[in-house]
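Participant: If you want the building blocks of each chain, they are given just below.
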Amino acid sequence: MQESINMEKGVDRGQGRSYRGVLARVGPGRDTWRWLGQQLFNRENPAMYFDPLLESINPLWAQRYIPARVETIEAETHDSKTLTLRPARRWGGFRAGQHLNLEVEKDGRWYSRPFSLSCSPSHWEQDGTITVTIKKVADGEITPWLLEHFQPGDVIGISRAYGEDHTPEPGHPMLFITGGSGITPVLSQLEAMADRHLRNPVTLLYFVRTDADVIGGCKLEALAERLPNLELRIVAAEQDPQNPDHLGPHHLQAVEGLTERDCFLCGPPGLMKHAQNLLADAGVPEEQVSSTLFAVGPGVVVTEDAGGTVHFSRSDITVESAGDRRLLEEAESAGLNPRYGCRMGICHQCSCRKTSGIVINQQTGQPSGYGEETIQLCINVPQGAVELDL
Amino acid sequence: MQKLSEEQLENLAQDLDAIRNEQMADLGQKDADYIRGIIRLHRTLEFGGRALMPLGFIPPFFLAGMTSLGIAKILENMEIGHNVMHGQYDWMNDPELNSQTYEWDTICTADSWKRTHNYEHHTYTNVIGKDRDYGYAVLRLEDETPWKPMHLLQMINFINLSVFFQWGVGVHELEFEKLRSGEVTLREKAEFLRDFARKGGRQVFKDYAFYPALTLPVAPVVIAGNFGANLIRNLWASSVIFCGHFTEDAESFTEEECENESRGHWYLRQLTGSSNFTGPNWVYTLSGHLSHQIEHHVFPDIPAYRYREISPQVQAVCEKYGLHYNADSFPRQYATVLKRVTAFSLPDRMRERLFPEFNEGDEQGKVADRTTSTSLVSRLRNRVSSTLSAAA
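First to last, the sequence lines map onto chains A and B.
FYI, in our numbering the residues of the first sequence are 1 to 390.
FYI, in our numbering the residues of the second sequence are 1 to 392.
No lab work stands behind these hints, which were simulated from the structure alone.
Take every hint as true, because none was put in to throw you off.
No farther apart than 30 Å at their CA atoms in a straight line, the calculated lysine-lysine pairs in the DSBU-like style are these:
1. Lys-106/A x Lys-114/B
2. Lys-178/B x Lys-339/B
3. Lys-114/B x Lys-30/B
4. Lys-219/A x Lys-273/A
5. Lys-30/B x Lys-106/A
6. Lys-148/B x Lys-130/B
7. Lys-148/B x Lys-178/B
8. Lys-178/B x Lys-189/B
9. Lys-30/B x Lys-136/A
Which stretches of chain B does chain A cover? Using the computed rule of at least three CB atoms under 8 Å from a CB of chain A, they are:
10. 25-31
11. 91-103
12. 202-213
The structure presented is a predicted model; accordingly, all values stated were derived computationally and were not measured.
Each residue gets a CB set at the ideal place from its N, CA and C atoms; glycine is no exception.
With these hints in hand, go ahead and build the complete structure from the sequences.
Facilitator: Here it is, written out as structure tokens:
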């Protein structure tokens with residue numbers, strides 16, 4: 001299985017471009033200006049120094065995030081809405097299937113939450129807008145507020161787009177298996193296919209609880225018109241509580257030429273795991289299956305050999321980790337207050353220098369090297385003694 | 001020092017924790033709006049000051065530019081930098097207001113400050129030998145430290161420290177006195193010196209090279225104005241800090257008193273080792289709310305502008321345990337600082353005779369000394385406090 005959220009791309013692009021356009025044209029190189037700004041304003045990103053004033057003149061001039069104007073808000077279902085946003089021009093665009101973070105301030109606190117872009121890149125290229133579909137997470141801290149708080153005309157912060165480029169290629173037959181709000185990146189991919197007039201045979205298996213939970217219904221209908229080879233199967237799994245129809249082998253058997261297809265999975269972790277197993281059983285080669293692991297919370301982690309002594313060297317605190325909590329949580333329960341953002345390995349806000357020891361990335365299961373490197377606190381657990389610059 | 005029983009200390013800790021928890025639970029938009037408003041004011045004053053400075057050959061513009069930049073530096077250092085680095089706004093999760101990454105507009109690096117101030121000074125407040133902020137290793141302010149003839153001239157140190165305060169704070173971690181005694185070596189301080197040179201160079205470059213060069217024909221005026229702005233900040237910042245711990249009634253402690261201390265004992269030390277000054281709200285803001293040094297020391301990571309509101313609650317706690325809540329106007333507190341610096345510059349015998357109010361002894365003796373004190377300031381203060389207590 002491929003891990004499709006590739007952070008590096010998004011982060012590298014995210015740094016420094018914001019004021020490049022303005023300053024590079026003035027004379028000395030960007031690095032010179034940046035160096036000078038650092039001397040004068042004592043910060044890594046000197047462009048942000050002016051934010052407090054610029055923001056109060058025009059919120060779209062802020063540099064610490066990319067501002068986007070909310071154009072329209074449309075209800076998809078009883079608990080989801082699609083926001084059409086117009087980002088500031090310096091936003092770098094995106095590829096089909098990518099994600100972005102919404103950056104918002106609620107009660108004085110900054111939150112960064114990942115969402116998939118639900119339109120094709122042509123929207124951005126042609127009229128400078130993008131759409132993001134938000135589904136309310138029951139008991140969530142941010143999504144219910146997001147859905148209530150914003151009105152057309154408001155300004156919301158966004159990050160640059162990140163994640164693997166899933167722009168559809170001509171030729172390959174495809175199978176999408178999605179559940180709930182996992183449909184959103186697929187809408188982007190299908191729309192991109194239609195824009196490119198691709199004729200690949202495509203089957204979309206879309207699992208929702210009931211008919212009232214279908215997100216992007218209109219868009220899917222329109223896409224069915226534009227994509228003659230699209231086979232659309234929306235399964236309302238719990239429409240009839242007596243006869244639930246959850247993902248099973250029969251759904252896959254109905255897909256023509258299954259083993260030839262490129263498969264793309266997006267949805268709740270349970271559904272994706274199940275789909276992976278079913279595809280493997282049906283003989284689909286692993287390299288043809290890719291997925292977006294999107295709705296993963298911190299959860300309890302059980303890894304062999306995990307756990308060890310964690311030394312936070314800057315504050316000189318040592319804790320014993322049993323390996324069942326991420327380093328971020330270990331640090332927080334030790335009374336530290338490390339910077340964090342998404343808490344799910346996406347935004348790199350909590351990145352920190354590990355000076356020695358091995359940590360295991362819980363999303364990939366991969367152990368790190370021994371030496372000094374930057375790690376994300378929110379997705380790593382220690383394997384043996386670890387020293388962190390915190 | 002004022003003593004409380006173990007049980008009283010435990011209750012004291014509980015009472016103060018309750019105030020703290022109530023405040024922490026209430027953090028929200030109000031605090032974010034407040035600090036952002038201050039930052040906007042700072043940027044406006046800084047850009048305004050720097051823009052006026054080249055016109056400084058016209059005296060009123062010089063004065064306006066210098067004052068504007070001076071106040072900007074004061075706000076940045078005290079209400080923004082100091083408080084942000086204490087982690088008062090970490091909960092906002094704003095990378096611009098994060099205690100780990102904030103760097104302020106002064107010679108001292110943020111990292112050095114956080115080590116010497118947030119850690120050493122706030123943990124070992126007024127503990128002689130451990131809190132190097134108590135006298136900054138250039139002032140003798142208590143009789144634990146043996147008197148030497150050089151102390152006779154410590155008023156000169158005091159003036160120098162006030163005028164060049166940012167440099168004093170900048171080299172504070174060099175621990176010059178320990179270097180001289182051989183306790184630490186220069187090699188151990190290499191990293192500190194490198195960071196100090198980088199940050200110091202940056203600050204000097206900005207105020208004395210870059211901005212003057214930008215306005216070349218009037219560069220001397222700009223240099224003078226920037227020097228003046230830094231001087232204004234140095235004098236004010238040092239005065240505020242001296243009034244926080246060096247006043248007549250602020251207590252100091254010995255290491256033995258503080259070994260294995262409880263949380264309650266730490267609280268007690270913060271309450272009795274700090275002193276407040278009173279004034280209008282704008283003075284509080286300009287002091288970064290270190291006017292409320294007592295509240296700051298018991299709750300260093302609560303957004304400082306809240307100290308004003310909490311003050312009556314903290315006073316009530318002090319009253320409950322019979323502790324002296326040391327608050328007075330700024331001029332009076334500053335006068336007692338000068339008195340302390342003068343008193344301890346003298347040999348002990350002479351001081352005991354001339355400044356009996358600083359004599360150690362049991363509390364009753366101290367009170368008796370106070371009433372017989374001939375100093376005009378303390379007589380005035382006693383009259384005010386007795387009128388106040390009579391009114392109460």
